[in-house]
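J.: Residues per chain, in single letters:
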Amino acid sequence: MGGLRDRSPVHGLVRRRLGPADVVAQSIAGSAPSAAMAATPVIVAGTAGPYTVWAFVAATVLAVLVAASIGRFTTRMAAPGGLYTLTAQGLGSAAAFAGGIAGVAGYLLLCGAALAGAALYLGALLAPFGAGGSWFPAGAALVGGVLVTALVVRGVRLAARVVLLVEAVAVAVLVGVFVLLLAGGPLAGAPAPASPSPGAGGLVAGVLPALAAFIGFEVATSLGAEARRPFRSVPRAVLATAGITGVLYVFAAGVQVNGFAGVPGGLAAQPQPVQVLATARGWWWIPPVLDAALVLSFLACAVATATALSRVLFSLARDGAVPAALGRTHRRFRTPHVAAVAGVPAATAAVVVPVLAGVPTGAVLVALLAGATIGFLITYVLVCLAAPLFLRRIGELTPAAVLTAVVAVPALLAALAGFVVTVPTTGIVLLAALLAAAAWFAVLRRPGGLRDLGVYDETVASDVWDRAA
Amino acid sequence: MTGPGGPPISGRQPRAVRTALAVLEEVVAAGPGVTAKEISAALRLPPATTYRVLNLLVGDEYLVRLPDLRGFALGRRAARLSPVAVPRPSTAARAVVEHLRGMVRWGVHLAVFDGGRLHLADPDPDHPPSDPDLLARLPQASALGRLLLAEQADWRALVRDLRPVTGATLTDPDELAELLPAVARDGLAAQTGGLRPDRGCLAAAVRSPADRRLVAGLALSGPAGRITDPDPDLVALLRDHADRLGPLLG
Numbered sequence: 001m002g003g004l005r006d007r008s009p010v011h012g013l014v015r016r017r018l019g020p021a022d023v024v025a026q027s028i029a030g031s032a033p034s035a036a037m038a039a040t041p042v043i044v045a046g047t048a049g050p051y052t053v054w055a056f057v058a059a060t061v062l063a064v065l066v067a068a069s070i071g072r073f074t075t076r077m078a079a080p081g082g083l084y085t086l087t088a089q090g091l092g093s094a095a096a097f098a099g100g101i102a103g104v105a106g107y108l109l110l111c112g113a114a115l116a117g118a119a120l121y122l123g124a125l126l127a128p129f130g131a132g133g134s135w136f137p138a139g140a141a142l143v144g145g146v147l148v149t150a151l152v153v154r155g156v157r158l159a160a161r162v163v164l165l166v167e168a169v170a171v172a173v174l175v176g177v178f179v180l181l182l183a184g185g186p187l188a189g190a191p192a193p194a195s196p197s198p199g200a201g202g203l204v205a206g207v208l209p210a211l212a213a214f215i216g217f218e219v220a221t222s223l224g225a226e227a228r229r230p231f232r233s234v235p236r237a238v239l240a241t242a243g244i245t246g247v248l249y250v251f252a253a254g255v256q257v258n259g260f261a262g263v264p265g266g267l268a269a270q271p272q273p274v275q276v277l278a279t280a281r282g283w284w285w286i287p288p289v290l291d292a293a294l295v296l297s298f299l300a301c302a303v304a305t306a307t308a309l310s311r312v313l314f315s316l317a318r319d320g321a322v323p324a325a326l327g328r329t330h331r332r333f334r335t336p337h338v339a340a341v342a343g344v345p346a347a348t349a350a351v352v353v354p355v356l357a358g359v360p361t362g363a364v365l366v367a368l369l370a371g372a373t374i375g376f377l378i379t380y381v382l383v384c385l386a387a388p389l390f391l392r393r394i395g396e397l398t399p400a401a402v403l404t405a406v407v408a409v410p411a412l413l414a415a416l417a418g419f420v421v422t423v424p425t426t427g428i429v430l431l432a433a434l435l436a437a438a439a440w441f442a443v444l445r446r447p448g449g450l451r452d453l454g455v456y457d458e459t460v461a462s463d464v465w466d467r468a469a
Numbered sequence: 001m002t003g004p005g006g007p008p009i010s011g012r013q014p015r016a017v018r019t020a021l022a023v024l025e026e027v028v029a030a031g032p033g034v035t036a037k038e039i040s041a042a043l044r045l046p047p048a049t050t051y052r053v054l055n056l057l058v059g060d061e062y063l064v065r066l067p068d069l070r071g072f073a074l075g076r077r078a079a080r081l082s083p084v085a086v087p088r089p090s091t092a093a094r095a096v097v098e099h100l101r102g103m104v105r106w107g108v109h110l111a112v113f114d115g116g117r118l119h120l121a122d123p124d125p126d127h128p129p130s131d132p133d134l135l136a137r138l139p140q141a142s143a144l145g146r147l148l149l150a151e152q153a154d155w156r157a158l159v160r161d162l163r164p165v166t167g168a169t170l171t172d173p174d175e176l177a178e179l180l181p182a183v184a185r186d187g188l189a190a191q192t193g194g195l196r197p198d199r200g201c202l203a204a205a206v207r208s209p210a211d212r213r214l215v216a217g218l219a220l221s222g223p224a225g226r227i228t229d230p231d232p233d234l235v236a237l238l239r240d241h242a243d244r245l246g247p248l249l250g
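In order, the protein sequences belong to chains A and B. So the first sequence is residues 1 to 469, counted in the UniProt record's numbering. So the second sequence is residues 1 to 250, counted in the UniProt record's numbering.
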């Protein structure tokens, strides 16, 4: 049995420490379900019309398929680099590098979007007290960025606990609000005239924004090295997150569609559906409570994605693909502090600079989210494609794994193409980044200085019976 | 396996249990590096069943995947499935322990660590220690057990039972986590009142001279009050005897 090392190539992190609740909380926070419950159904209704709820069901099925593909790897290996490390095992280093760059872009932009969202809803919450202009959201995002950096550097356990607590409060508030709204029944009004049905095309177009509500649900993958019993807790966390958030979204969409069933134009005609539903019943206190919950949810999302961002950068550095300094870990806190201090401020700057330049915070949030979605879809396509190839390589291929890829890969590619067509700017930026990544990889590869990509927390001598001390 | 609060185990899947044990047995028989395909062929099991059982056993860390991700080997946790009878220490080793007993008025116990378990190899006949099974079950409660835990990459795997024995027994895993680095650094552990209210013990690590592996622990047990602030000469004496035991036990 050759090739057993004495220490893991990703040494320096707190190995095998986080409990299952901490791991699943990261993933749930990463997809920021509270914000998506409040904001996404309207967007989906804009294209899917009567098929809004079905669009969310379809997106949930797709997310579960992606989670299953990720699970093929995470039951077998623990990797702080997240999806790109998994891709490397099935598709090789070039695809993995493209996935790594897409993953960094996805987490960086999603972290920025979360900070923008927190600043936006904090502004809405404090508007009666005179918060406004561009200095307030910029300042709030800056403070948020500093806070998130400090938490991620200070230690994975503290960050995970904060995320668990904050996200639990946010989701509980949102579910409570939606149960109240559901109990209230539809808004009074004449039965809506049958609007022209958008047909199956509308359903397909509606799946795109619904799918965007899930991004970030795979964050737990990057905690592989740090989770206790990672081969069990990480795949479960990712799959559970896809399922739980899917149920939450279908529920939220159902409540909102039902609430506006009697209003001309339905849900799609409402810019702020939850606020309108609440105000119509005289529940003036719901909007501020909702805003506060959304601030919390976005902050938890920022911490979870910043944690993942620092792990992916750390892993790329240990692979030798980015400067080695990013692969250093803090001796006492055992976190990739250099990667965190490099990554999170970049995400913060992506919010603060455009906001100070006069772009509305909401527009910054939407643009960052769109960019992040492209990055995530690229990593999902690659990992779904890599799963059956990886299983064949290690001699454990099953028909189910092939079937998952056959269904998921074309659907995700279609979603990717759909997004790039809908928001061409971000698509072009990210595709350009990918091409650059592939070219850079070819250049880096030539001098023979780069090993194959994909370091993970492999079994070391002390894990094996009779090799252990 | 279910955690606290999970559904109770029904025990109504005898075939699954048998398959899991057969897979474990096959990994042992075939040796490290055996692949899932080979196990499936040898046991005439459907491949999908084999993969599922293997992934379950890897998830629970009874098996590990080797770095090529194809081959399997027994994990450290599996070592606990095969406890071995610990042989009586050699006459020379027992003479060292006896020598220390002649020099101090404390109880002197020798414990050997094997497969992540604590075995009392030479308990002091004049100062009987706590129940050996209790010591083995609650390594966090005794000074000897803490030596063993401090040496582990993941001590949580060995601590399953955090019940109190006396009011002073350590039951908080975070407190234990804070305490173990110092034990590993100094090769010395102490405990007061955790097993018996009026007694405490002080244990020094015995390491193999060849590879500095922890092989045993030598403990002094006495009045709780004197453990909290031990006499430096006594500690030096204990360490000296522990060092002398290294070549005899390692």
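Bear in mind the hints are in silico, worked out from the structure with no lab data behind them. Ideal placement from N, C-alpha and C gives every residue a C-beta, glycine not left out. There could be a bad hint or two in this list.
What the hints assert, rightly or not - Pair ranges (Cβ atoms, derived):
#	chain 1	residue 1	chain 2	residue 2	range
1	B	Arg239	A	His330	28 to 38 Å
2	B	Ala177	A	Pro399	24 to 34 Å
3	A	His11	B	Asp174	22 to 32 Å
4	A	Gly265	B	Leu162	55 to 65 Å
5	A	Ala21	B	Asp161	50 to 60 Å
6	A	Val407	B	Ala48	14 to 24 Å
7	B	Leu162	A	Pro345	33 to 43 Å
8	B	Thr91	A	Arg332	18 to 28 Å
9	A	Arg332	B	Pro173	46 to 56 Å
10	A	Leu413	B	Leu162	27 to 37 Å
What the hints assert, rightly or not - One-sided and incomplete, this derived list gives chain A residues near chain B with beta-carbon spacing under 10 Å:
#	residue
11	Arg17
12	Pro230
13	Gln270
14	Trp284
15	Trp285
16	Arg328
17	Thr329
18	Thr398
19	Ala400
20	Val460
21	Asp463
22	Trp465
23	Asp466
To be verified - One-sided excerpt, in silico: chain B residues whose CB lies under 7 Å from chain A:
#	residue
24	Leu43
25	Pro46
26	Thr49
27	Val64
28	Ala73
29	Arg76
30	Ala79
31	Gln152
32	Trp155
33	Arg185
34	Asp186
J.: Are the hints correct? Go through all of them and say.
T.: Verification of the supplied hints:
1. Under the hint 28 to 38 Å, the C-beta atoms of arginine 239 of chain B and histidine 330 of chain A, about 33 Å apart, fit the expected range.
2. Between alanine 177 of chain B and proline 399 of chain A the C-beta distance comes to about 45 Å, which lies outside the given range of 24 to 34 Å.
3. In this structure the supplied range 22 to 32 Å holds for histidine 11 of chain A paired with aspartate 174 of chain B, their Cβ-Cβ distance being about 23 Å.
4. Here the CB-CB span from glycine 265 of chain A to leucine 162 of chain B is close to 60 Å, well matched to the stated 55 to 65 Å.
5. Between alanine 21 of chain A and aspartate 161 of chain B the CB atoms are about 21 Å apart, so this pair departs from the stated range of 50 to 60 Å.
6. Roughly 19 Å separates the CB atoms of valine 407 of chain A and alanine 48 of chain B, a value that falls within the hinted 14 to 24 Å.
7. Between leucine 162 of chain B and proline 345 of chain A the CB atoms are about 42 Å apart, so this pair conforms to the stated range of 33 to 43 Å.
8. With their beta carbons about 47 Å apart, threonine 91 of chain B and arginine 332 of chain A fall outside the hinted range of 18 to 28 Å.
9. Evaluation of the 46 to 56 Å hint for arginine 332 of chain A and proline 173 of chain B yields a failure: the beta carbon distance comes to about 20 Å.
10. Checked against the hint of 27 to 37 Å, the C-beta distance between leucine 413 of chain A and leucine 162 of chain B comes to roughly 51 Å, which is inconsistent with it.
11. With a cut of 10 Å, the hint placing arginine 17 of chain A at the interface with chain B holds, because the nearest CB-to-CB distance is about 8 Å.
12. Interface hint status for proline 230 of chain A: upheld, as the beta-carbon distance to the closest one in chain B is roughly 9 Å, under 10 Å.
13. Checking glutamine 270 of chain A against chain B by beta carbon gives a least distance of about 41 Å; that is not within 10 Å, so the hint is violated.
14. Because the beta carbon of tryptophan 284 of chain A sits about 40 Å from the nearest beta carbon in chain B, more than 10 Å, this interface hint is broken.
15. Taking 10 Å as the C-beta cut-off, the interface hint given for tryptophan 285 of chain A is violated, the closest approach to chain B being about 35 Å.
16. Given hint, arginine 328 of chain A at the interface with chain B, is violated; its Cβ is 21 Å from that chain's nearest Cβ, farther than 10 Å.
17. Annotation: threonine 329 of chain A was flagged as interfacial toward chain B, and the flag is violated, the nearest CB pair being 17 Å apart, outside 10 Å.
18. The criterion of a C-beta within 10 Å of any C-beta in chain B is met by threonine 398 of chain A, whose closest approach is roughly 5 Å, and the hint holds.
19. Interface hint status for alanine 400 of chain A: upheld, as the beta-carbon distance to the closest one in chain B is roughly 8 Å, under 10 Å.
20. Using the Cβ-Cβ criterion of 10 Å, the hint placing valine 460 of chain A at the interface with chain B is satisfied: the shortest such distance is roughly 9 Å.
21. Interface hint at aspartate 463 of chain A: satisfied, since its Cβ lies 5 Å from the closest Cβ of chain B, which is below the 10 Å cut-off.
22. The restraint placing tryptophan 465 of chain A at the interface with chain B holds, with a minimum CB-CB distance near 4 Å, inside the 10 Å limit.
23. Here the hint on aspartate 466 of chain A is kept, as its CB sits about 7 Å from the closest CB of chain B, short of 10 Å.
24. Evaluation of the leucine 43 of chain B hint against chain A yields a violated restraint, the C-beta minimum of about 15 Å exceeding 7 Å.
25. For proline 46 of chain B, the shortest C-beta to C-beta distance to chain A is roughly 10 Å, which exceeds 7 Å, and the interface hint is violated.
26. For threonine 49 of chain B, the interface hint is violated, the least distance from its beta-carbon to any beta-carbon of chain A being 11 Å, above 7 Å.
27. Of the supplied interface hints, the one on valine 64 of chain B holds, with its beta-carbon coming within about 4 Å of a beta-carbon of chain A, less than 7 Å.
28. Taken as an interface hint, alanine 73 of chain B checks out: its beta carbon lies about 5 Å from the nearest beta carbon of chain A, inside 7 Å.
29. Because the smallest distance between the Cβ of arginine 76 of chain B and any Cβ of chain A comes to about 5 Å, under 7 Å, the interface hint for this residue holds.
30. For alanine 79 of chain B, the interface hint holds, the least distance from its beta-carbon to any beta-carbon of chain A being 5 Å, beneath 7 Å.
31. This hint is violated: glutamine 152 of chain B has a C-beta 9 Å from the nearest C-beta of chain A, more than the 7 Å allowed.
32. About 11 Å separates the beta-carbon of tryptophan 155 of chain B from the nearest beta-carbon of chain A, more than 7 Å, and the hint is not met.
33. Checking arginine 185 of chain B against chain A by beta carbon gives a least distance of about 15 Å; that is not within 7 Å, so the hint is violated.
34. For aspartate 186 of chain B, the shortest C-beta to C-beta distance to chain A is roughly 18 Å, which exceeds 7 Å, and the interface hint is violated.
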